[in-house]
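> Bring the two chains, given one by one in their own frames, into a single complex with the hints.
So the chains spell out like this:
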Amino acid sequence: DSGVTQTPKHLITATGQRVTLRCSPRSGDLSVYWYQQSLDQGLQFLIQYYNGEERAKGNILERFSAQQFPDLHSELNLSSLELGDSALYFCASSVMSGGGSETQYFGPGTRLLVL
Amino acid sequence: AQTVTQSQPEMSVQEAETVTLSCTYDTSESDYYLFWYKQPPSRQMILVIRQEAYKQQNATENRFSVNFQKAAKSFSLKISDSQLGDAAMYFCAYQSNSGYALNFGKGTSLLVTP
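So the protein lines, in turn, are chains D and X. End of the first sequence sits at 115 in our numbering; the numbers just go up one at a time, nothing left out. End of the second sequence sits at 1114 in our numbering; the numbers just go up one at a time, nothing left out.
The shape of chain X in the complex, shown without the other chains (with noise of 0.2 angstroms):
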């Protein structure tokens, strides 16, 4: 099975300013998709974005951007101009393009400071 790994269980930053969560993960196949959901306090799971394995394109949504390197099987989430409504859980997720469960990694805890 794919493994998801986050390697920083928290980070902070300042509002307004800029923070880079790492996903890295394992697999053998060659077409596959990758998401960052957010789970505020409230638990509900919200999509941020998703990138698909076969475009070279970084995936962006507005203030949320990733940084897919295929080679090094990486995938980290940059948060630009960060708000207090950006504190949340934030879930790296694998999904091959075979198979239908999301694999998730255990969470990087996101603090925004004023």
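Looking at chain D on its own, in the form it has when it is part of the complex (with noise of 0.2 angstroms):
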């Protein structure tokens, strides 16, 4: 167990709707990131969140955005889904902003199947 925590485990939803994936991070951890893993794309990274702000973006589609909230929990949210938006969604925690220094420690993902 990593101590990051993501909900919900499975999301079944059709094209066109709006889901919203939520992550909580370690303990004492206050950079957030999100990752997609998908069989055609592999691993990418979407975004980082470090207390708060926007640290990077990466692959990130427009109809996708993300936050990160005071108490550190953050939120990826999906429109306007499409059938490529099927994946395991993944969200990491470090301690810092990031770089090399710090580990990324990941949760156990949510898998999201669009109908």
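Simulated from the structure, these hints should not be mistaken for lab results. Please note: incorrect hints may appear among the correct ones.
Said to hold, decoys possible - Straight-line Cα separation of at most 20 angstroms, EDC-like style, residue types lysine to aspartate or glutamate; simulated pairs:
id : chain 1 : residue 1 : chain 2 : residue 2
1  : X       : Lys1106   : D       : Asp40
2  : X       : Lys1073   : X       : Glu1017
3  : X       : Lys1055   : D       : Glu102
4  : X       : Lys1055   : X       : Asp1081
5  : D       : Lys57     : D       : Asp1
6  : X       : Lys1070   : X       : Asp1031
Nothing here was measured: the structure is a model prediction, and the numbers come from that model.
Below you can see the structure in the form of structure tokens.
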């Protein structure tokens, strides 16, 4: 158990819908990272927040957005869902703002299926 | 962007034997970090080992060790005394010292046979 929690574990929805994935980082961690794992794209970095502020952006679609709240939990919002958005979404956390000195610990993931 | 290549989609090893998983990466940076993560059937991403590029000594964690060849940009993972519980997908990842995101390879699926 990494100490990072994600809800829900599974999510099934229809195309065009909007969903929210939630992540609680390890106690004391200020950074949250979101990754997407799909069969065709592999593991891709989406976005990072540090202490409530967006810190880095990766291959995140405009239909996707995220935020980190004062209690440091984070939410990833996916809208206008398409079949290709079906994937495993991971949240990871680290203590500080990132960089190689900080190991990222992953949550169990949310499996999203868009029908 | 840095690319990470795992050239072995699948590997197989017998219990108690040793196996080596390969990883190469492309970078122009001199300071960076390398990781191996394990993803068992549960899909949880578990950190196996990490290596700082500025350290010449290869990292070890119990039965897991790496062979880090900085000039060759190679970072292989050796698993000794393989156990059934080692069966998983193994991902090699690169992290820039000035960046935050982990850049992953495509993964190697390891099968452990009795």
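> Hint by hint, say whether it matches the structure.
Right, here's what the structure says about each hint:
1. Lys1106/X / Asp40/D: holds (10 angstroms)
2. Lys1073/X / Glu1017/X: violated (26 angstroms)
3. Lys1055/X / Glu102/D: holds (16 angstroms)
4. Lys1055/X / Asp1081/X: Violated. Lys1055/X to Asp1081/X sits at ~26 angstroms, over the 20 angstroms cutoff.
5. Lys57/D / Asp1/D: violated (27 angstroms)
6. Lys1070/X / Asp1031/X: This hinted pair holds, its Cα atoms lying about 10 angstroms apart.
Checked against the numbered hints given earlier, this structure breaks hints 2, 4 and 5; the rest are met.
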